[in-house]
Amino acid sequence: MGSYWLTGLIFIPLLGACLVLLQERADAIWRAAFIFSLAPLAISLYLFAEFAPGQAAYQFAEQYPWIPGFGITYHVGMDGISLFLVLLTTILITLSILYSGGGDIESRSREFCFFMLMLETGLLGALLAIDLFLFYVFWELMLIPMYFLIGIWGHGRKVYAALKFVLFTMVGSILMLVAILYLAHAASVHLGRLSFDLPDLYGTPLSPAEARWLFAGFALAFAIKVPMWPVHTWLPDAHTEAPTAGSVILAGVMLKMGCYGFLRFAIPLFPTTAIAAGPLFMALAIVGIVYGALVAMVQPDLKRLIAYSSVSHLGFVMLGIFALDTQGVEGALYQMLNHGLSTGGLFLLVGMIYLRRHTRAISEFGGLWRSVPLMAAIFMVVMLSSIGLPGLNGFVGEFLIMLGAYLRIWQAAAFAVSGIILGALYMLWTYERVWFGPITKAVNQTIADLSAREIAVMAPLLALMLLMGLYPRPLLTRMEPSVAQLLSRVQAAQARLDAERALAQAVRRSPGESVAVK
Amino acid sequence: MSEFNSGALDFSWPSVLPLIVVAIVAVAVLMVGVFADDDESVGLGMLSIGGLALAFVLALATLGQSARAFSGSILLDNFAIYFELAILISAFLTVLMSLEYVGDLHLPGAEYYSLILFATLGMMLLATAGDLIVIFLGLETMSIAVYALAGFRRGDPRSIEASLKYFILGAFSTGFLLYGIALIYGATGTVRLDRIRAAISGPMAAGPIAHSPLMLLGLGLMLIGFGFKVAAVPFHMWTPDVYEGAPTPVTAFMAVGVKIAAFAGFLRIFMVYLGAAGAEWTWVLWVLAALTMTAGNAIALVQTNIKRMLAYSAIAHAGYLLVGMTAAGNAAGGAILYYLLGYAFTSMGAFAVVAALGRGDAPHERIADYRGLARRQPGLAAAMALFMLSLTGVPPLAGFVGKFYLFSAALSQGLVWLVIIAALNSVISAYYYISVIVAMYMDRGGAEDVRMRGRPALFATVAIAVVGVVLIGLYPQPFMAAASNAFASATSVPPIHAASLLP
Chain A
1 MGSYWLTGLI FIPLLGACLV LLQERADAIW RAAFIFSLAP LAISLYLFAE FAPGQAAYQF
61 AEQYPWIPGF GITYHVGMDG ISLFLVLLTT ILITLSILYS GGGDIESRSR EFCFFMLMLE
121 TGLLGALLAI DLFLFYVFWE LMLIPMYFLI GIWGHGRKVY AALKFVLFTM VGSILMLVAI
181 LYLAHAASVH LGRLSFDLPD LYGTPLSPAE ARWLFAGFAL AFAIKVPMWP VHTWLPDAHT
241 EAPTAGSVIL AGVMLKMGCY GFLRFAIPLF PTTAIAAGPL FMALAIVGIV YGALVAMVQP
301 DLKRLIAYSS VSHLGFVMLG IFALDTQGVE GALYQMLNHG LSTGGLFLLV GMIYLRRHTR
361 AISEFGGLWR SVPLMAAIFM VVMLSSIGLP GLNGFVGEFL IMLGAYLRIW QAAAFAVSGI
421 ILGALYMLWT YERVWFGPIT KAVNQTIADL SAREIAVMAP LLALMLLMGL YPRPLLTRME
481 PSVAQLLSRV QAAQARLDAE RALAQAVRRS PGESVAVK
Chain B
1 MSEFNSGALD FSWPSVLPLI VVAIVAVAVL MVGVFADDDE SVGLGMLSIG GLALAFVLAL
61 ATLGQSARAF SGSILLDNFA IYFELAILIS AFLTVLMSLE YVGDLHLPGA EYYSLILFAT
121 LGMMLLATAG DLIVIFLGLE TMSIAVYALA GFRRGDPRSI EASLKYFILG AFSTGFLLYG
181 IALIYGATGT VRLDRIRAAI SGPMAAGPIA HSPLMLLGLG LMLIGFGFKV AAVPFHMWTP
241 DVYEGAPTPV TAFMAVGVKI AAFAGFLRIF MVYLGAAGAE WTWVLWVLAA LTMTAGNAIA
301 LVQTNIKRML AYSAIAHAGY LLVGMTAAGN AAGGAILYYL LGYAFTSMGA FAVVAALGRG
361 DAPHERIADY RGLARRQPGL AAAMALFMLS LTGVPPLAGF VGKFYLFSAA LSQGLVWLVI
421 IAALNSVISA YYYISVIVAM YMDRGGAEDV RMRGRPALFA TVAIAVVGVV LIGLYPQPFM
481 AAASNAFASA TSVPPIHAAS LLP
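Protein chains in written order, with the numbering used here: chain A, 1 to 518; chain B, 1 to 503.
Hints may be right or wrong, so weigh each one.
Derived CB-CB ranges, DEER-like [said to hold, decoys possible]:
#1 B:Ala-463 <-> A:Gln-445: 40 to 48 Å
#2 A:Phe-48 <-> B:Ala-463: 52 to 60 Å
#3 A:Ala-495 <-> B:Trp-283: 54 to 62 Å
#4 A:Ser-3 <-> B:Ala-460: 35 to 43 Å
#5 A:Arg-108 <-> B:Pro-456: 57 to 65 Å
#6 B:Ala-481 <-> A:Arg-108: 35 to 43 Å
#7 B:Leu-60 <-> A:Pro-65: 21 to 29 Å
#8 A:Pro-65 <-> B:Val-57: 29 to 37 Å
#9 A:Ser-3 <-> B:Trp-283: 47 to 55 Å
#10 B:Ala-488 <-> A:Asp-27: 53 to 61 Å
#11 B:Ala-362 <-> A:Ser-3: 52 to 60 Å
#12 B:Trp-283 <-> A:Ala-42: 22 to 30 Å
#13 B:Asp-104 <-> A:Arg-108: 30 to 38 Å
#14 B:Trp-283 <-> A:Phe-48: 24 to 32 Å
Note that these hints are calculated values from the structure, not bench results. From a predicted model like this one, the values you see are computed outputs, not experimental measurements. The C-beta atom is built at its ideal place from N, Cα and C for all residues, glycine as well.
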């Protein structure tokens, strides 16, 4: 103990949110918000450097009593699974604020910055919380600012989209709360006290039916967040109507919270059920991959297209997670980061196009390459990263996931690979329609290329895509121990399951028969 | 043991001192009012606030004591004190939010404040009652004062309707209660709660009394009587009209004070004392809870008037509390007490915002009137958003921790399905609570511009409620400890020597 890094990381944005409210002038507001998003970024970079690779335990952990009556503690800690998602969050929030200050958000910037920073606190808290109650608090806390971001600064049917987003998420999360409570009470029987601390809850003895229902409670909440097919229907609306920064955070970080929930809570708490449900979830993931890709292909709206591509990409992540082997899970983790960078980048670029043309309809574009070559080049790189071109980050993740899925159920990999092909297809086709060919609309001739601020927003993303594509080692070594620990829980459960099955078989066979076999 | 078998009244002044203070101040307000101008109502309000504060301090000073007084008809334990404090807080906030309201509408201040104080007196009596007669007395003192308060805007037909409706249905429900009391007296030969318990479950219990038709019918009738007061479905019909028609601070007082007090009596009878006879009643409470939550939330969805919406929301919250009553046990009792406290601040705050938006000639009670409030009154809108989120049950606010506590208690008793129903109900409720936020933050411009004048007392009420909602949610431990301690103090009455019970 003794270090307050994580607490600082979580609450500096909230402090910043409150201070931003005191600012009067627009430029002061944006400057303050940017500075208060830089601070957590700096802390998370420092923690990345300080993070001891090869260690599975929670690092920089802090634990203080909060509600002793319920055994609830303020317990935060960081491991190889949360480290990178924290980094992704701090990076994307900083870039989103930097981008939004450049003209994307013009009305009520004070409230906008307030909600962005509050959102950061919610996201970081949910990623770092080890206590389930604390996790739930942050999990809900990130919902509210996002609701306001979509509802106030969104486009089109923003109120509808925001409400749909909240109600969908709430159905899942409130049932998860019931599951959390049930689990804590079940665990209190052998713990002798009520506790919501994750380490205390591992290995809680549960009947198979209880474990199934509890897993379902957690899984529903996370699956809605991911979102997995068929509970994805909130996503296209929310992503499309959200302001650019909202879409970036929603796609870049928030969807990962669902995947993270599976890795952190649903799977290690109920490994036996997770193994049993593995094929089902892999099947749903594959449906999502193919469905998302097919629907993306026919979208006339750029943003909606990217939104559906997220359904497809997150399908890959879920496929890797439920392969439940090292390659699959590491690939999934890697792919989460990739998707955050590439989809975040795509949403930013679409936002920049929208600022210039006030439309996102693909049919309105064509030949943009000629008027804004730099933007086109950057779009190309981000898109290729999203497709998974070797040399860029997307390839590493997809490759690992396919490998993991192949080792588990080879047919799954066979089906999923069609998603990669479809992904390349719709992305390249879109690229062609937007950027290549002759300029068909006169307005497209005169639009301005990227501003210095926009280049500053995109450059870090491009650098990270290249870096992660060429040199994944520093990331993988930090992930490995935590992933291994997670999988060891699963394997132990698997071994227990196998032993039980063998025993049951031995009992079923008559002794005479076994002699006869001999 | 003498206090149990002596026929004489055993006076215990400290146990009733807060009540006496409230009664004296109520009379004093009335008397001063005779000599004061109508425009001096603020002074009367301050006098009431002073009296309530004094009663609060006196009640706080008796914390930790445990005594029976007046032949056991008054109980002084932490349960009673906890409820007294909660009632005094809600009365205090009601008076505070009334200061400007009463002046704006030129209501007669003396009558208004003294009626609030008399109602408070009745509520406190209900919280300290040790026998059924005192419970009835408290309930009537409270109700009659509130009937009059509901009709205080004499010029407004809706207010008259509210008063009349509340009076007729209230009297009707009191009839049920009284009849139930009579039957229980018939079954057990006593009105004292501890003796009734001993008669049905103590060592000297005559076995069949607990299950005798007389007893069960009596309990059922009392359940209906309390069902009316806490606005449980299907006894809720009066609520929306009365809440809508009554002056807004009175509505707040009804939604919070009356509800808290009614639950004090309800809990004392059904959870603390007659739990033994209630075991076979669990399913009734189960059904009541499920119905109340679901109907309250479902009907709230389609309301366009904010006071009606909050009325149905109050019904739904009674449903959540009934989940706790269904669960029974000390954990559930503590959860209910804690929940009530959080609910008190949240609901008071919400009604204070409603009152702040209204003016004499334009009440601005449609949800549509809240459009664009975030631009005109960012502070007020933010506070209202906070209250709505707390009512929805969003962490880390008081409403969330209350639900968490309640669900936890209910789950530990195995009420999984009821908790799931309650949980899904919170999602339904999110829809209509959020619609207020949508109006305030996302819709442009109101039908008419709501201009605010300086209303320091109303703003103070809102500010106190905000602090309460956040504090009780973020730092719940002391409040939880107080709540569970209070409930435990009511159930851990030392066993009564059997012989002393015989007449």
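Outcome of the hint check:
no. : hint                                : result
1   : B:Ala-463 <-> A:Gln-445: 40 to 48 Å : violated (57 Å)
2   : A:Phe-48 <-> B:Ala-463: 52 to 60 Å  : violated (42 Å)
3   : A:Ala-495 <-> B:Trp-283: 54 to 62 Å : violated (45 Å)
4   : A:Ser-3 <-> B:Ala-460: 35 to 43 Å   : holds (41 Å)
5   : A:Arg-108 <-> B:Pro-456: 57 to 65 Å : violated (27 Å)
6   : B:Ala-481 <-> A:Arg-108: 35 to 43 Å : holds (42 Å)
7   : B:Leu-60 <-> A:Pro-65: 21 to 29 Å   : holds (26 Å)
8   : A:Pro-65 <-> B:Val-57: 29 to 37 Å   : holds (31 Å)
9   : A:Ser-3 <-> B:Trp-283: 47 to 55 Å   : holds (53 Å)
10  : B:Ala-488 <-> A:Asp-27: 53 to 61 Å  : holds (58 Å)
11  : B:Ala-362 <-> A:Ser-3: 52 to 60 Å   : holds (57 Å)
12  : B:Trp-283 <-> A:Ala-42: 22 to 30 Å  : violated (59 Å)
13  : B:Asp-104 <-> A:Arg-108: 30 to 38 Å : holds (32 Å)
14  : B:Trp-283 <-> A:Phe-48: 24 to 32 Å  : violated (57 Å)
Going through the hint list in order, the structure does not satisfy hints 1, 2, 3, 5, 12 and 14.
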